[in-house]
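Chains A and B, in that order, give the protein sequences. Residue 90 in numbering that gives the first Met the number 0 sits at position 91 of the first sequence, with consecutive numbering throughout. Residue 120 in numbering that gives the first Met the number 0 sits at position 121 of the second sequence, with consecutive numbering throughout.
Keep in mind the hints are simulated off the structure, nothing from the lab.
Part of the chain A face toward chain B, derived, beta carbon under 10 Å:
1. T32
2. T47
3. S53
4. G63
5. G68
Please read all numbers here as calculations on a predicted model, not as lab measurements. Every residue gets a Cβ at the ideal spot worked out from N, C-alpha and C, and that includes glycine.
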Amino acid sequence: MSTELGGLGRFAGPATLILSSLAQGPKHGYAITKDVEAFAGVRLQPGTLYGALSRLEHDGLIEGLEGEGRRRPYDITPRGARALEAQLTVQRRVSEVGLRRLSTGLATS
Amino acid sequence: MKWVRATPRFLAQVAERRPWVFAAASIVFWTLLSPLALVWLVLWLIDRYRALDKSPEATRDRRVTRLLRWYPAAWRTRYGSEMAALLHDTIAERGGGPQMSLNVAKEGLAARLTMPARRDALAGTCLGLCWLPLLPQGLVPAVMKLTETPTRSWFLALYLPDPYQWPVIAAMLALGLAMLGAGRRLAGVHVIPTRG
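Only chain A is shown next, with the shape it has when bound in the complex (with noise of 0.2 Å):
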């Protein structure tokens, strides 16, 4: 089951994060650790944060657009809209399997 989001390691928790706030459409730094604590309840760190985007955008998953002042957008790329599809396809069927074993579990305990 592996994927290309499950080859960046460390990072690939907070990039799946970070790609799923992108498919909303450009966003910055700050604007990103906003939308993933809302949608997720999950605090990305400035430092997790770009060490995650440096590894997304060195793997061609998201590409910087040009900003007004300091901030810089990031934008989804083809091909990080399938690894975020793949990934998600995958979390989605652990998910499943794990919520339906765990209520088979509960109902025969």
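Given the coordinates of chain A, work out where chain B should sit on it, guided by the hints.
Structure of chain B alone, referenced to chain A:
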């Protein structure tokens, strides 16, 4: 404290450009000459602190600058400006506690270790030297100890008191394996994008 500032021009310039290098050198060398130098140093630091702009904006600027120093210059060239903006926003809204500082320090050090030149040098050192703790200081003394060979040669663990020999052999094996793993890992990590 005019006399504190009345140091030779050269020393003042060094203190202005590299205050921490100047402070460190002063502690190392000047205290050896006279305790008066230490007194001067303390007074100088107090003077510097008093001269600092203590407004919230200036304090935040200094903190952001300090935090970004954890990252290598190439990384700062590419991401420094936008990350500074993020740090400013984060500190302004949430205060940015020690957890944020630790996170930035950790990721900055990781970025330093993954710089191409440094990464290659470190990977080469790890892969080139891992055999030393692994084989002659780990595996070979372990075999010699198991077979009760009387020769100690240059095997460090065999010169130690008996209770410490196995722990040291285990530590050497662990060090060798860690160096091998780190070297292999560093040889395969990504590089920082240079465009933009």
